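K.L.:
Okay, here's what each chain looks like letter by letter:
There are 6 protein chains.
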Amino acid sequence: MSKPQPIEYAQASAPVRAVFDDIKKTRNVPDVNNFWKYLAHDPAGLKRTWESVKEVMTPGALDALTKEMIYLAVSVTNGCGYCIASHSAAARKAGMTEAMFGEVMAVVGMANETNRLANGYRVPIDPAFE
Amino acid sequence: MSKPQPIEYAQASAPVRAVFDDIKKTRNVPDVNNFWKYLAHDPAGLKRTWESVKEVMTPGALDALTKEMIYLAVSVTNGCGYCIASHSAAARKAGMTEAMFGEVMAVVGMANETNRLANGYRVPIDPAFE
Amino acid sequence: MSKPQPIEYAQASAPVRAVFDDIKKTRNVPDVNNFWKYLAHDPAGLKRTWESVKEVMTPGALDALTKEMIYLAVSVTNGCGYCIASHSAAARKAGMTEAMFGEVMAVVGMANETNRLANGYRVPIDPAFE
Amino acid sequence: MSKPQPIEYAQASAPVRAVFDDIKKTRNVPDVNNFWKYLAHDPAGLKRTWESVKEVMTPGALDALTKEMIYLAVSVTNGCGYCIASHSAAARKAGMTEAMFGEVMAVVGMANETNRLANGYRVPIDPAFE
Amino acid sequence: MSKPQPIEYAQASAPVRAVFDDIKKTRNVPDVNNFWKYLAHDPAGLKRTWESVKEVMTPGALDALTKEMIYLAVSVTNGCGYCIASHSAAARKAGMTEAMFGEVMAVVGMANETNRLANGYRVPIDPAFE
Amino acid sequence: MSKPQPIEYAQASAPVRAVFDDIKKTRNVPDVNNFWKYLAHDPAGLKRTWESVKEVMTPGALDALTKEMIYLAVSVTNGCGYCIASHSAAARKAGMTEAMFGEVMAVVGMANETNRLANGYRVPIDPAFE
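For the record, the sequence lines run as chains Y, R, Z, X, A and C.
For the first sequence, the working numbering begins at 47 and goes up steadily by one.
For the second sequence, the working numbering begins at 47 and goes up steadily by one.
For the third sequence, the working numbering begins at 47 and goes up steadily by one.
For the fourth sequence, the working numbering begins at 47 and goes up steadily by one.
For the fifth sequence, the working numbering begins at 47 and goes up steadily by one.
For the sixth sequence, the working numbering begins at 47 and goes up steadily by one.
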């Protein structure tokens, strides 16, 4: 059996529990998502990834909603099923309405289309963009 | 010689000129970008793509800046050099500051990382996201 | 019904059976994986793909484990669910430990992140790398 | 200096020359493309890749032009600059007109767009397609 | 609950019904595929996408079968499960035989392989392709 | 002008210099690569990325060479020109021979091919891999 299994809080080592506790406190949720329960197989990676995500997703020059929509746009482009599901939920929690979701999808679709047209027609970069 | 060449306004057919004129008027620019000059080899595709882009990028539930940053995030994920250059410029014109650009890149980088961690650990979607 | 179906040994043509036999003998397994049973719809493609995989995956300058981890890293980057599952298993069979798996995932995640940062910041190649 | 350099016929080993000769004869060209001159650093890989390409690109149920346009469509989707250039040329040589090129690009663009819309809306497969 | 749900004809607004009616009439089918039922959450996007798809997929310099096989090749490259299923079906309906399907897959596989070899060996574009 | 410019040590702020100093010391090099000079526009991102890369690339269950070859394999799959150049160099510095490079490329090519064959034939995961 090669498929990874989740590590629940009850089975987790102290370093993993410390990260789980910080996720739960920071996000004010009763349990962590599956993503973290699987990543817990690599305690150092779990800690590094969570601390990076926490730092990157904290509102700064961009607000939380904008960041979540960008995260979703990347996940849709890459076709990551888990990430599309989890970041759709996160973006909605941060305030993404149905209309906003539709517009994110429309921009993502259009960008994926024109990225290929630019590739295929071998368009050189305009001097103004250099 | 197989490399496509740009079609400038002076050489363009009437249908192509009509699109170029609409781009120049809509964006209030003296000339169209290379992207459109190459796409002009397919006048129907030029018209369809421009009208789609115009419709999709018009501010609606999301403002112009947010849309441009999402466009940029997709282009960076796909590694489209032309599109990164042109949509970096468009996003800056729409108000993206240096700090915002840094945060867009940070989110794009993080999403591309965690997309692969979710793939690799074969994380199942949480029931709450279904 | 458009979904391909597997071709089992009992139904297989002689050329397909010859490839299945070689896979079973080379890998010392009682049956071939689903991948080969589906590819059997194209007997020439089955033979060509198997012979290429066999040649490429034979230990040479790199050992079998290193090759399997690279195969897994590519499959995770591309988000190919079947390939992630089958090459996780193959890498474990070749000696990949839990700790090694965690490090492969960490490198894959980091590379996917920095690939996009390099794209987005439009970093020119250092003269030393040319 | 880490950048690979081409291996020209005059410097090539006998096994590499044998492949170069077969490419030149099969394609009726005076010299091989850069792709083969770089791949020549791995003589076994050069031979395997050339023989696979030759087998796959030989007209069968699909003619040469259709195959080249599919090759181009994949290369454009992946954003491989070298491959877009070389397979645009190969497709034109096989009969791709300007109008056909425009239609290939239009289909590639549209497919890349709708692929992401299907991802983002998490569309389940219709029973009729199973 | 964040997962999008399909919008069936009976619940659909007038603008959505108008698009559904046109799809059913154009394709001579009793109901639209799931893709359109999900996209219906964005009526303007539904209309724009359908009209673009209809225009792009109409036979022109390329026939319907060739266009569907290119669509399939892109979808396979991107790993879009829904699109692979729906465009396999569409290509078969347009006349793709089992042998043709096998050859499309072989070309797609080979192109994905050589795209990476060209990347990795950093092959410069031949002057003849410029 | 929208193209980012490098930040050299002489112009750098104290936090950026601290990271540059740590990179130079850790890698025992006289100057940092362009990647870090561009990322310096986001001092927090520079620090986070460097510390993550340093942690991930430190030899552990996998040695430095194996990690660099995996990094290269991902970069080649994604088509990131800068990363292919810099991680080819890093892998060679860590001991990658010409023969090893050829085998990395061969595995990367093969994986990219079979990933698509598995997608296209819609191969279900074998029970043994679950």
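Honestly, the hints are just simulated from the structure, not real lab data.
Careful, some of the hints might be misleading.
Since the list gives no way to pick one copy over another, a pair counts as held whenever it fits inside one copy or between any two copies.
[To be verified] Once the Cα atoms are required to be at most 30 Å apart in a straight line, the calculated BS3-like pairs of lysine-lysine come out as:
id, residue 1, residue 2
1, Lys93, Lys139
2, Lys70, Lys49
3, Lys100, Lys49
These numbers come from a predicted model, not from an experiment.
K.L.:
With reference to the structure, classify each hint as holding or not holding.
P.N.:
Hint check:
Taking CA atoms no more than 30 Å apart as the test, Lys93 paired with Lys139 passes in both settings, with 24 Å inside one copy and 28 Å between copies. For a Cα distance limit of 30 Å, the shortest separation of Lys70 from Lys49 qualifies both inside one copy, at 26 Å, and across copies, at 23 Å. Taking CA atoms no more than 30 Å apart as the test, Lys100 paired with Lys49 passes in both settings, with 28 Å inside one copy and 25 Å between copies.
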